[in-house]
Amino acid sequence: MSPQTASSTLAQQTPAGGGGLPRLLLPAGPASQTGDDLAAHLWRDGPVPDRGDAGALIGDVRAAGLTGRGGASFPVHRKLAAVAAARPGRAIVVGNAAEGEPASHKDEALLSAAPHLVLDGLQLAAEAVGARRAVLYIRADLRERTRLDAQMPERYASRLDRVAVEIVSAPARFLAGEESALASLVSGGRAVPRFTPPRVFERGVDGHPTLVQNVETLAQLALIARYGPGWFRALGTADEPGTMLCTLRQADGPASVAEAEIGTPLAGLLDLRAVSAVLVGGYHGAWLTAAQASALALSNAALRPAGAFTGAGVLAALPADRCGLVESARVVRYLALESAGQCGPCLNGLPSIAAALAELADGHPGPRVLADLSRWAGLVEARGACHHPDGTVRFVRSALSVFAAEAGQHQRGRCTAASHRPFLPVPAGPSTDADWS
Amino acid sequence: MTTASRGDLRVNPIACSGHGLCAELLPELISLDEWGYPLITGRPVPPGLVRQARRAVTDCPALALRLEPAQKKRRAGA
Numbered sequence: 001m002s003p004q005t006a007s008s009t010l011a012q013q014t015p016a017g018g019g020g021l022p023r024l025l026l027p028a029g030p031a032s033q034t035g036d037d038l039a040a041h042l043w044r045d046g047p048v049p050d051r052g053d054a055g056a057l058i059g060d061v062r063a064a065g066l067t068g069r070g071g072a073s074f075p076v077h078r079k080l081a082a083v084a085a086a087r088p089g090r091a092i093v094v095g096n097a098a099e100g101e102p103a104s105h106k107d108e109a110l111l112s113a114a115p116h117l118v119l120d121g122l123q124l125a126a127e128a129v130g131a132r133r134a135v136l137y138i139r140a141d142l143r144e145r146t147r148l149d150a151q152m153p154e155r156y157a158s159r160l161d162r163v164a165v166e167i168v169s170a171p172a173r174f175l176a177g178e179e180s181a182l183a184s185l186v187s188g189g190r191a192v193p194r195f196t197p198p199r200v201f202e203r204g205v206d207g208h209p210t211l212v213q214n215v216e217t218l219a220q221l222a223l224i225a226r227y228g229p230g231w232f233r234a235l236g237t238a239d240e241p242g243t244m245l246c247t248l249r250q251a252d253g254p255a256s257v258a259e260a261e262i263g264t265p266l267a268g269l270l271d272l273r274a275v276s277a278v279l280v281g282g283y284h285g286a287w288l289t290a291a292q293a294s295a296l297a298l299s300n301a302a303l304r305p306a307g308a309f310t311g312a313g314v315l316a317a318l319p320a321d322r323c324g325l326v327e328s329a330r331v332v333r334y335l336a337l338e339s340a341g342q343c344g345p346c347l348n349g350l351p352s353i354a355a356a357l358a359e360l361a362d363g364h365p366g367p368r369v370l371a372d373l374s375r376w377a378g379l380v381e382a383r384g385a386c387h388h389p390d391g392t393v394r395f396v397r398s399a400l401s402v403f404a405a406e407a408g409q410h411q412r413g414r415c416t417a418a419s420h421r422p423f424l425p426v427p428a429g430p431s432t433d434a435d436w437s
Numbered sequence: 438m439t440t441a442s443r444g445d446l447r448v449n450p451i452a453c454s455g456h457g458l459c460a461e462l463l464p465e466l467i468s469l470d471e472w473g474y475p476l477i478t479g480r481p482v483p484p485g486l487v488r489q490a491r492r493a494v495t496d497c498p499a500l501a502l503r504l505e506p507a508q509k510k511r512r513a514g515a
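Going line by line, the protein sequences match chains A and B. Residue 101 in this note's numbering sits at position 101 of the first sequence; the count goes up by one each step and never skips. Whatever position you read off the second sequence (first residue = 1), add 437 for this note's numbering.
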């Protein structure tokens, strides 16, 4: 199922530096009629605004308040400064388009709609940290659905890039985009997380200080370099400025990708009628009741008190005729299969949790199922090398809380859902141990 | 580093294969979960237990246990 780009319906023809929305997912303008993405990009945004000096851009990014759009919302200028402090010429930059989250399509939409903005951002990031090597790390099937392999040589021919960009295919695994897993794969190993410290920004790809930024973050960076921090802050909230891409999943239509101003009410992004709950932030995120969601906005400040966070912008409105427990059990089974299997508590705990949740979802749970789930959740939390067990536990706990009434029904052998048609996407077929590279 | 210096015990969960020796050597601070992997209680290591903690670290067959200087703040997100 390929996503639809919501902005394609917007007939806005102003360059990105205008005051409105969208900023990233703009229609291409007249040059796009010829299918020439690079000409369209240059018409819209002009060439890469090289500074020749790292300091200015890092200061602008700091003033803009840009945070990472890959899910962790970490301040971008701090990562830039940490990698820039490495010995000159040693740093490596990586644009991350692993998009391992099955419910997210925003990186794909961005790389289809504005590939050159991402590639500009990669050049600017390389310049900012003094890197001589740049990598675009992209899920293999996404690489096939975009035109990057053709677009990259066009850029070389136009002499737009100072640093050559190497494309590396990422395996289609949930954890493939985790920074240390990414660093391992780009270094020639398997895409599995490693124990930290050292952190990737200290010792990453081939042992070099490595800046990893989500591709949307790079595109936002490229706009800040052009239009400045004041322009960037004209949208969003004071604490969380700018826009972010969201993957919206509603009823049973295809997912759509929209660029939203941070602070937008969730009810302005999703139709919450005939919806029982909303999954926010993806499969490491949290469920909210529809009533909670209708009162909250798209920002970490608004979502955090409810136990949720924006993550990489996944928003899924569960239709009222579905069972949230059945949906959650299917997702948690997938998450258990996506464990790298390196850490004992995750290797043992996630399958136990998945089995217990499946038992509850099937409507024939044993008497101890809720106590077991609660104990196992506590036993896997904060005990992995990466955040996979923590994220999975967050999802499970929110499911048990938001669907508590339904869990009570299931314990009596009843399910109130009218339909068991799957809603949340989970990749078909079990993952095998062979496809981590 | 002096013997009295306090520190945090930390398990490298990738290296740990659940031998359980650490829990035998340092039951005051380490117990095992239902799968046989160490659960660390008590943080930081009290001065009176630093010697046993060191022993647990050096005797771990997987070299998975570390005694780290007082807890540092975690940096840069994933």
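Hint data in this document are derived by calculation from the structure and do not stem from the laboratory. Please note that a few of the clues may not be correct.
Rough simulated footprint, nothing fancy, chain A against chain B, three-plus residues with beta-carbon under 8 Å [as the list claims (entries may be wrong)]:
| no. | segment |
| --- | --- |
| 1 | 472-478 |
| 2 | 484-494 |
To give an idea of the chain A side of the interface with chain B (calculated C-beta under 7 Å), a few residues [as the list claims (entries may be wrong)]:
| no. | residue |
| --- | --- |
| 3 | S158 |
| 4 | T196 |
| 5 | P229 |
| 6 | W231 |
| 7 | A234 |
| 8 | C343 |
| 9 | A382 |
| 10 | R383 |
Label pairs and their in silico Cβ distance ranges [what the hints assert, rightly or not]:
| no. | chain 1 | residue 1 | chain 2 | residue 2 | range |
| --- | --- | --- | --- | --- | --- |
| 11 | A | R51 | B | S468 | 44 to 50 Å |
| 12 | B | P483 | A | G366 | 54 to 60 Å |
| 13 | A | G189 | B | H456 | 24 to 30 Å |
| 14 | B | L476 | A | G366 | 56 to 62 Å |
| 15 | A | D53 | B | P483 | 46 to 52 Å |
| 16 | A | R159 | B | H456 | 55 to 61 Å |
| 17 | A | Q151 | B | L476 | 49 to 55 Å |
Every residue, glycine too, gets a C-beta built ideally from N, C-alpha and C.
Hint check results:
no., hint, verdict
1, 472-478, "holds (count 4)"
2, 484-494, "violated (count 0)"
3, S158, "violated, 34 Å"
4, T196, "violated, 9 Å"
5, P229, "violated, 21 Å"
6, W231, "violated, 26 Å"
7, A234, "violated, 26 Å"
8, C343, "holds, 4 Å"
9, A382, "violated, 10 Å"
10, R383, "holds, 6 Å"
11, A:R51 x B:S468: 44 to 50 Å, "violated, 55 Å"
12, B:P483 x A:G366: 54 to 60 Å, "violated, 41 Å"
13, A:G189 x B:H456: 24 to 30 Å, "holds, 26 Å"
14, B:L476 x A:G366: 56 to 62 Å, "violated, 25 Å"
15, A:D53 x B:P483: 46 to 52 Å, "holds, 51 Å"
16, A:R159 x B:H456: 55 to 61 Å, "holds, 58 Å"
17, A:Q151 x B:L476: 49 to 55 Å, "holds, 51 Å"
In summary, the numbered hints that this structure violates are 2, 3, 4, 5, 6, 7, 9, 11, 12 and 14.
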